[in-house]
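Here the structure of chain A is known, so what remains is to put chain B in place on it, guided by the hints.
Okay, here's what each chain looks like letter by letter:
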Amino acid sequence: MRLKKSVVLLLSSVLSIGMLAACSSKSKGDESANGSNVIKIATQTPLSGGSAIVGESMRLGAQMKLEEQAEKFKELGYTLKLESYDDQSDPKKGVSNANIIGADNSIYAVVGHFNSGVTIPSSEVYEKYKVAMVSPGATAVTVTDRGLKTVNRIVGRDDAQGPAGAKYAIETLGAKKIFIIQDKTAYGSGIADAFKVAAEEAGAEIVGYEGITVGEKDFNGVINQVLTKNPDLIYFGGIYSEAGIIIKQARDKGIDVPIMGGDGMDASGLVDIAGDAVKNTYITSVAGDSTATEAGKKFVEDYKAKFNKNAEAFSVYGYDAMGVILHAIENAINENDGKIPSKEKVAEAVRSVKDYEGVLTNVTFNEIGDNTNSKIYLYKFNEASYPGILEGEVGK
Amino acid sequence: MLLEMLQSLPQVLIDGLALGAVYAVVALGYTMVYGILQLINFAHGEIFMTGAFIGTTFFILLMGMGWVSSVPQIFVLILVLIVTACLTGLLGMGIERVAYRPLRNAPRLIPLITAIGISFILQDVIRFIAELSSGNYIVTGPSLFTDQMTISFSSLSSIFNDASFKTSFLIVLVTAFILMISLDYFINRTKWGTAMRAVALDRETASLMSINVNKTISITFFIGSALGGATGVLFAVQYGTIDPFIGFILGMKAFIAAVLGGIGNIRGAMLGGILLGLLEMFASANLTLLTGGIFGAEYKDVFAFSILILVLIFKPEGLLGKPTAEKV
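Residue numbers (the working numbering), protein chains in the order written: chain A, 24 to 419; chain B, 324 to 651.
Bound conformation, chain A alone (with noise of 0.2 Å):
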């Protein structure tokens, strides 16, 4: 009889939070349609994790953009929120957020993510709820190539970037024998593929091919296997907490061979992770140096002064992703007579961006939603300091 009690009392107590749930759900939806004119833009990148500095780093970016336009808004009548997410660089976490970003009514907008392992999945929940996505630095080819209306990124591609880093290592370089690693995640393996194909066909010879765990912190089996081939040229896949340590150990053993990665590698951490190791690395990279035109330092200045954090070579691009998004709601909203448009309207405006004009970027989309007008750019380290230094850039 007890038993019988307390599980009346536990469902009703159930049933009576069920209802308090949906009564607050309730009133929160109504309030947005009533049009309290709020907008709100989603931040969605690792902020804790292996990658945390490079999310933080896009998420800092948007945020200042966004308060920087927020003025502007103001006076069409809406007023401009942030709403951060952290995915952990986790698909799962992604998609979980993503749905909760969907299912708020007053999110137009979603500025990520950063990883492509974590961009893949998510997209298809924002293409279901038809909340437009801007990636500041997912690469995977795959990300466009599924042809989702809402998935667009203002960066270059791995299939541009594999290519350029192998024309580099072995035009440049002279490369004739490589050693490939990766990191099995989407992008590790995606760009690490296209350089090998790439590779390939210029002639070099690819003497072996490995993944190591993402997570570990002892890569010595690999680099011993590196050490028995002997290549001229070491690629690695991945992101720059992993690479840190294998550019160490690597150097620990006597391999001074050039190192040459992708974009994941372009943060400080890995100049904290693998100190002077880090000589005769080279990187390519969707990201362009900050400072290389009159805006762009102006920009690094203001984000000091801003955060008191200096600039890392993704923030630039959380800021022009968040431009990008903008001038597309801005766009919208003036099409729609002043009134606020539909999320699948603001999609199609982003979509639609032809030639604006951020800081470091210059985006037109194409009907998958690649920026025509991006570059890839080659860094070297040849001192243990941050960023590297730019020694070119290929068009696409």
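For the record, the hints were derived by calculation from the structure and aren't laboratory data.
Note that the structure is a prediction, hence the values are computed from the model and not measured.
Please note: incorrect hints may appear among the correct ones.
Chain A is nowhere near these chain B residues, computed Cβ spacing over 10 Å in every case [as the list claims (entries may be wrong)]:
(1) Met388
(2) Gly417
(3) Pro425
(4) Leu426
(5) Phe443
(6) Ile444
(7) Leu467
(8) Ser475
(9) Leu496
(10) Asn511
(11) Leu524
(12) Glu527
(13) Ser541
Computed Cβ-Cβ distance ranges for the label pairs, DEER-style [stated by the list, open to error]:
(14) Ile504(B) with Glu106(A): 56 to 62 Å
(15) Asp168(A) with Pro639(B): 49 to 55 Å
(16) Ser466(B) with Ser119(A): 37 to 43 Å
(17) Pro395(B) with Asn333(A): 33 to 39 Å
(18) Asn333(A) with Ala429(B): 47 to 53 Å
(19) Ile504(B) with Gly226(A): 53 to 59 Å
(20) Ser530(B) with Asn122(A): 53 to 59 Å
(21) Ile482(B) with Lys199(A): 25 to 31 Å
(22) Ile452(B) with Leu99(A): 40 to 46 Å
(23) Ile572(B) with Asn359(A): 49 to 55 Å
(24) Gln471(B) with Ser375(A): 54 to 60 Å
(25) Leu325(B) with Leu196(A): 30 to 36 Å
(26) Asn122(A) with Ile482(B): 54 to 60 Å
Glycine is no exception: its CB is placed at the ideal position from the N, C-alpha and C atoms.
Structure of chain B alone, referenced to chain A:
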């Protein structure tokens, strides 16, 4: 194929020993607690991680002081090792007092769950502190003992390549062995060690023989955690970069090493740890060769664990474990 494997063998052995020594000392913590409480202390991996962070913090602090640079690095290391071991030892005792002792007579599954809970708490507390103080929780300590050494195996026989390592490898290996030998001595030769063995054998009878069971268990946790913390420092010295999640994978593997050697058996844990380190390193260096390129180095864990499963099928009590007779 064989030739290539032999070429890299000396280097593989050296790297495997370094990794295996770390596994072995961490495995000791698992095996001691299991031996005495039949509890798998999943928080042990996180105690190891905490030790790595405490040690790195001390290194960074000490290296910032001017006078330290005139002291030989080895003394700094010993100082940091002792302080860290004491701190993590106390932490382990505290965890036992708070999370395990009240549940000692509960079903075995319950303390297992609190152990997992403690490990999450430790991970996130450390992450929080590290992020608060440095803005990023991947911490890189000062590089110590970076002198390169080369053993000329090639002069031994032309089949082998030379092997090279940093001084830190020797430090890790020697310290780990000192820790293991002194623990072995402690368990087998001292009064407290005898008490621990007695409690492990039969808690109730031991308490009838005027052994203070609670105190003995506390000491077991202190020693196990101190060893784990000290290994954390060694890990930080050897690999340089640490993050709050190193304890998870490494703790798992150390636990498996303990099972491989026979859980509850101190010498078994040492053997299991070294063996697992060697197997893993061997697999990641040679798996491509062995399988003709079908499986790459990323399957090293599959290889190591297949061997583990084989061992456990034919010898379920572990390599050095004794089959336990059913208590009547």
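Each hint tested on the structure:
The claim that methionine 388(B) lies off the interface holds: its Cβ sits roughly 21 Å from the closest Cβ of chain A, which is beyond the 10 Å cut-off. The non-interface label for glycine 417(B) is consistent with chain A: the shortest C-beta to C-beta separation is roughly 26 Å, beyond 10 Å. For proline 425(B), the non-interface assignment is confirmed: its Cβ lies about 25 Å from the closest Cβ of chain A, beyond the 10 Å cut-off. No beta-carbon of chain A comes within 10 Å of the beta-carbon of leucine 426(B); the shortest separation is about 24 Å.
For phenylalanine 443(B), the requirement that its beta carbon stay farther than 10 Å from each beta carbon of chain A is met, with the minimum near 14 Å. In this structure isoleucine 444(B) is separated from chain A by more than 10 Å, as the shortest Cβ-Cβ distance comes to about 16 Å. Consistency note on leucine 467(B): stated as away from chain A, and its beta-carbon is indeed over 10 Å from all of that chain's, at 12 Å minimum. With a cut of 10 Å on Cβ distances, serine 475(B) stays outside the contact zone with chain A, its closest approach being about 14 Å.
Against chain A, the non-interface label of leucine 496(B) holds: every CB pair exceeds 10 Å, the least being about 14 Å. With a minimum CB-CB distance of about 32 Å to chain A, asparagine 511(B) clears the 10 Å threshold, and the non-interface call stands. With a least beta-carbon separation of about 37 Å from chain A, leucine 524(B) lies farther than 10 Å from that chain, consistent with its non-interface assignment. No beta-carbon of chain A comes within 10 Å of the beta-carbon of glutamate 527(B); the shortest separation is about 35 Å.
With a minimum CB-CB distance of about 32 Å to chain A, serine 541(B) clears the 10 Å threshold, and the non-interface call stands. Remark: the range hint 56 to 62 Å for isoleucine 504(B) to glutamate 106(A) is upheld by a beta-carbon distance near 57 Å. About 50 Å separates the C-beta atoms of aspartate 168(A) and proline 639(B), a value consistent with the hinted range of 49 to 55 Å. Evaluation of the 37 to 43 Å hint for serine 466(B) and serine 119(A) yields a pass: the beta carbon distance comes to about 40 Å.
Our hint of 33 to 39 Å for proline 395(B) and asparagine 333(A) holds, since their Cβ atoms are close to 36 Å apart. Remark: the range hint 47 to 53 Å for asparagine 333(A) to alanine 429(B) is upheld by a beta-carbon distance near 52 Å. In this structure the supplied range 53 to 59 Å holds for isoleucine 504(B) paired with glycine 226(A), their Cβ-Cβ distance being about 56 Å. For the pair serine 530(B) and asparagine 122(A), the beta carbons lie near 55 Å from each other, so the given range of 53 to 59 Å is met.
Checked against the given bound of 25 to 31 Å, the beta carbons of isoleucine 482(B) and lysine 199(A), roughly 27 Å apart, stay inside it. Checked against the given bound of 40 to 46 Å, the beta carbons of isoleucine 452(B) and leucine 99(A), roughly 44 Å apart, stay inside it. Restraint check, isoleucine 572(B) to asparagine 359(A): a C-beta distance of roughly 52 Å satisfies the suggested window 49 to 55 Å. Hint check: glutamine 471(B) to serine 375(A), Cβ distance near 59 Å, so the stated range 54 to 60 Å holds.
For leucine 325(B) and leucine 196(A), the Cβ-Cβ distance of about 34 Å falls inside the hinted range of 30 to 36 Å, so the restraint holds. Hint check: asparagine 122(A) to isoleucine 482(B), Cβ distance near 59 Å, so the stated range 54 to 60 Å holds.
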